[in-house]
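K.L.:
Listed here are the chains, written in short residue letters.
2 protein chains.
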Amino acid sequence: MFRDLNINNDRPVYLQIKDYIKELIIKGILQKDVKLPSTRELGEILNVSRNTIILAYEYLEDEGFIRIVKGRGAFVSDIKIKPQDNFNLSWDEKINDYARFAERLDIIKNEIKWEKGMISFKSISPDSSLFDMDEFKKAFLNRISMEGDKILNYGYAQGYKPLIEYLLKYMENKGVDVEGKEILITNGFTEGFDIVVSAITNKGDKIICENPTHNTAIKIMKLHELDIHGVEMDDDGMNINKLEEKLYKEEFKFVYIVPSYHNPTGIVTSPEKRIEIFNACRQRGVPLIEDGFNEELRYSGSHIAPIISLNGKGNGVIYLGSFSKILFPGMRIGWILADKDLISVLESIKRSRNIHTSFLDQAILYEYLKGGNFEKYLKRARKEYREKFEIAYKAAKELIPCRDIKGEGGLHIFVELRDINARDVLFECCKNGVIFTPGDIFYTDGKGKNTFRLGFSRVSKDEIIKGFKVIGDVVRKMEG
Amino acid sequence: MFRDLNINNDRPVYLQIKDYIKELIIKGILQKDVKLPSTRELGEILNVSRNTIILAYEYLEDEGFIRIVKGRGAFVSDIKIKPQDNFNLSWDEKINDYARFAERLDIIKNEIKWEKGMISFKSISPDSSLFDMDEFKKAFLNRISMEGDKILNYGYAQGYKPLIEYLLKYMENKGVDVEGKEILITNGFTEGFDIVVSAITNKGDKIICENPTHNTAIKIMKLHELDIHGVEMDDDGMNINKLEEKLYKEEFKFVYIVPSYHNPTGIVTSPEKRIEIFNACRQRGVPLIEDGFNEELRYSGSHIAPIISLNGKGNGVIYLGSFSKILFPGMRIGWILADKDLISVLESIKRSRNIHTSFLDQAILYEYLKGGNFEKYLKRARKEYREKFEIAYKAAKELIPCRDIKGEGGLHIFVELRDINARDVLFECCKNGVIFTPGDIFYTDGKGKNTFRLGFSRVSKDEIIKGFKVIGDVVRKMEG
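Just so you know, the protein sequences line up as chains A and B, in that order.
Each step along the first sequence adds one to the number in the working numbering, with nothing skipped, and position 336 is 336.
Each step along the second sequence adds one to the number in the working numbering, with nothing skipped, and position 351 is 351.
Next up, chain A with everything else stripped away, as it sits in the complex (with noise of 0.2 Å):
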């Protein structure tokens, strides 16, 4: 039987040896007082060196497979794994309403997935050929060499401290006063956004959105089973009249908005916007979370800063930051900025969710930024976005028959097509091997069936016109 063993170059060959051993002993191929070949033998029957199979032997007795009688041989210990009868239950009665419906809310598992050879504007994830890897590499080094030990042990629940701090000098750079403020270390916007909901609002709460927004938020609020309350959004931000009648007729828990390059639209509130809807806020204090999405991709212009930097010393707005969306997706940091007490008790949340967000991430990333390496990847991912954005928006506007062409920068753009279904034209295009995201999942109230979203980080210039005129050509047919 040990001639089976195919020995690979994946893994060290003592160790193949010993789960071959193992196997056989799990399996009860081997049974309990059996003795093995001798090291000399077994060496020779599967030509490695003798060494080798000590190596193997003494790892199984280590793990406790074996056990080593000086002098007589090694024998198989007393593996006690009695099969019983099979125990077996229907999951499906025993999962809850929630769980289902977050399985139901789950775009990835629902949509149209890629295949090979299709071109796909579904993603908005930046083009990881833009990530600088020399300096990524050198970040880790340092970071390891100077506190490995520190870093691969637990951490804090709030996060890596030099982080943290980074950050709160990253947003005074951005207009904030971070007085009375702190900073929490989530798993990205997602894990922030939750966490927030989850400690600010109840089941039935009403709230404010634009409308269309993010789908992972509107994910979130539904499973919180929130009241969402979608206003419509003007060229430059949400309807700031009909926010405003919505705040004064009824209780909100909160509003959310996405000021820069809103998702879906691309719509960049304008800072006349960004006034009228805090201060709307402030009015009747219903606390505003600002998701910072994709903020830093700016590309002409004036800076325009974040909501949270007209508040001064107040603490009524929540910051949800992320590099994430733009560096290294991968690795998930993002965080919360807000009140100081308001971000303790977000700690402790944290800490029931999951401990921590990994500290070796956050050290890299540290690192990473400590050295300017963020700016130099912007100055560069700016350049090149920028130049398939223009691209984009001029081939849509060419090809695409549609009523109106949502975008000012970012990773994406918005198309209105007249009155034709996008799912039917993602169906025909999906034949023709384009792909893209229908726009009503991104809708509070089951519009945006005309709609969809164009995104153009990880396609090539080329494709970007050959997949737009696939599009065209098929919203044209069903135009007729």
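Be aware that a few hints might be false.
Put simply, identical chains are the same to the list, so a pair is met inside one copy or across any two.
[Claimed, not checked] Under the rule of at most 20 Å between Cα atoms (straight-line distance), these lysine to aspartate or glutamate pairs were calculated in the DMTMM-like manner:
id, residue 1, residue 2
1, LYS394, ASP473
2, LYS203, ASP97
3, LYS169, GLU23
4, LYS379, GLU408
5, LYS397, GLU463
6, LYS138, ASP149
7, LYS137, ASP149
8, LYS203, GLU225
9, LYS137, GLU147
10, LYS340, GLU93
11, LYS161, GLU115
12, LYS203, GLU93
13, LYS388, GLU63
14, LYS161, ASP10
15, LYS109, ASP92
16, LYS206, GLU251
17, LYS27, GLU272
18, LYS397, GLU479
Quick caveat, the hints were computed from the structure, so don't treat them as lab data.
Based on these hints, arrange chain B on the given structure of chain A.
P.N.:
For chain B alone, kept in the frame of chain A given last:
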């Protein structure tokens, strides 16, 4: 004003200059349309090269803070941060009961804190000096060279495929039949347990666990408002009669157990008891949640298979695994092994909470494991912890007057005093520079006031003796 800039070695100089000027603009010290000094002038003022200033201005323009007019110079842009009336809220009134409860259950916030010079037996986290940094670095560099662009971009909610495959094989090697089962990667045990509880329980549901048990599990179950029924422990695990009695009297949503080096008692549930517990759950159709906590740390005797290995192709056991308790806790990687369809639902919940666990960390861990480093590490760690355990157990027996000391290995022992309150002992010990974890926090019914846990993994052998002496003296004095 430019002379006030203090240049340090932390960041590239041009970025420090950029940040400084940004700050002056943000604060309104440099106002709209103000002309900045020429690059030559500022270079002289700051005593840096003109090129450094050119670069700083380039970044300032790129970020939208200044505009550079050819032949005329650099001018401050219109940064519209018009401070508004402060928006202040009383967050105290906005924070809900759930969040307050999370805060109240947050032992880190409510227990005595370590201060410099103290001997702390609170921690049961691994001794970082046993980590193999060189192999860890290699694993990072290998993976990042192979697929850095992939693992730093968005991944999949279920986890990093090669790690999942590795863990399936790993569980097979513990005797588990993985057919019909799947793995979900989580941010450690804590997230895994929270997700499972979220998916299969509703407020008020009854569940069974050992009494005492892992405090984090109690916290999570309390936050889900479950009705927790503790079953007392015998020396070989849960009292089976009491378990069966409970199971036959009422409906329970699940039974949660920690069969190896049980937290806090250190008890290893015997193979026979494992079979009895499994069959009791099977007969009543109650899912069994098995916490694989520290089972890798077995010091001596035959390998004891996890309970899930008794179940063949059955699906009634959910296994929660985690390396993060013994290896690299800072990375927060655990897994759930369970029925395939159940995992698919849990995956959707995971996605709704934080998209996925860091792909960087998963990829490094995979590379590290694949190379056989975990086995090598365990060999070292087992040896070290066995020695410490033996010293600690013996020293506690000798030095601390008590009714019973439990523990069979792992990273901690558990002391039951005669009739003395452990918190009183802690209070006195703390004055003498020794702290530990009072046992009451592990009990489901307010008992255990005369118990405490002594974690020894991060305390030197000398300090174990020294610390136990202090505890023993305090106890002796209180016993009078």
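K.L.:
If a hint holds in the structure, say so; if it doesn't, say that too.
P.N.:
Now for the hints, and whether the structure bears them out:
| no. | hint | result |
| --- | --- | --- |
| 1 | LYS394 <-> ASP473 | within (16 Å within a copy, 81 Å between copies) |
| 2 | LYS203 <-> ASP97 | both (14 Å within a copy, 12 Å between copies) |
| 3 | LYS169 <-> GLU23 | between (55 Å within a copy, 10 Å between copies) |
| 4 | LYS379 <-> GLU408 | within (18 Å within a copy, 58 Å between copies) |
| 5 | LYS397 <-> GLU463 | within (16 Å within a copy, 74 Å between copies) |
| 6 | LYS138 <-> ASP149 | both (18 Å within a copy, 16 Å between copies) |
| 7 | LYS137 <-> ASP149 | both (18 Å within a copy, 12 Å between copies) |
| 8 | LYS203 <-> GLU225 | both (5 Å within a copy, 15 Å between copies) |
| 9 | LYS137 <-> GLU147 | both (16 Å within a copy, 13 Å between copies) |
| 10 | LYS340 <-> GLU93 | between (43 Å within a copy, 15 Å between copies) |
| 11 | LYS161 <-> GLU115 | between (43 Å within a copy, 18 Å between copies) |
| 12 | LYS203 <-> GLU93 | between (24 Å within a copy, 17 Å between copies) |
| 13 | LYS388 <-> GLU63 | between (56 Å within a copy, 19 Å between copies) |
| 14 | LYS161 <-> ASP10 | between (38 Å within a copy, 16 Å between copies) |
| 15 | LYS109 <-> ASP92 | within (18 Å within a copy, 39 Å between copies) |
| 16 | LYS206 <-> GLU251 | within (7 Å within a copy, 36 Å between copies) |
| 17 | LYS27 <-> GLU272 | between (71 Å within a copy, 19 Å between copies) |
| 18 | LYS397 <-> GLU479 | within (16 Å within a copy, 86 Å between copies) |
Checked against the numbered hints given earlier, the structure satisfies every one of them.
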